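Participant: Sequence:
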Amino acid sequence: MFRVKKLLEGTLSLKDHNAQINEIYDIMKALNELTDLGMPNTKVIVS
Numbered sequence: 155m156f157r158v159k160k161l162l163e164g165t166l167s168l169k170d171h172n173a174q175i176n177e178i179y180d181i182m183k184a185l186n187e188l189t190d191l192g193m194p195n196t197k198v199i200v201s
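For the sequence shown, the numbering used here gives the first residue as 155, with consecutive numbering after it.
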């Protein structure tokens, strides 16, 4: 988690509230993609 925080560090520098919301959504999307990369892909095999 430390590496992710360092990668995405910074304060919400934008003064516009809507722009801050968009910046937060971008950070959340990046975290979700990084989490998804670490999850195993499983397949159901029916014999």
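Honestly, the hints are just simulated from the structure, not real lab data.
Hints are supplied without guarantee of correctness; some may be wrong.
Computed beta-carbon distance windows for the label pairs [unchecked claim]:
1. D170 with D190: 27 to 37 angstroms
2. F156 with K197: 26 to 36 angstroms
3. F156 with I199: 29 to 39 angstroms
4. N176 with T196: 45 to 55 angstroms
5. S201 with H171: 39 to 49 angstroms
Computed from a predicted model, the values in this text were never measured in an experiment.
We put the CB at the ideal spot given by N, CA and C, even for glycine.
Participant: Taking the hints in turn, state whether each one holds.
Facilitator: A quick look at each hint next to the structure:
{"no.": "1", "hint": "D170 with D190: 27 to 37 angstroms", "verdict": "30 angstroms, holds"}
{"no.": "2", "hint": "F156 with K197: 26 to 36 angstroms", "verdict": "33 angstroms, holds"}
{"no.": "3", "hint": "F156 with I199: 29 to 39 angstroms", "verdict": "38 angstroms, holds"}
{"no.": "4", "hint": "N176 with T196: 45 to 55 angstroms", "verdict": "34 angstroms, violated"}
{"no.": "5", "hint": "S201 with H171: 39 to 49 angstroms", "verdict": "56 angstroms, violated"}
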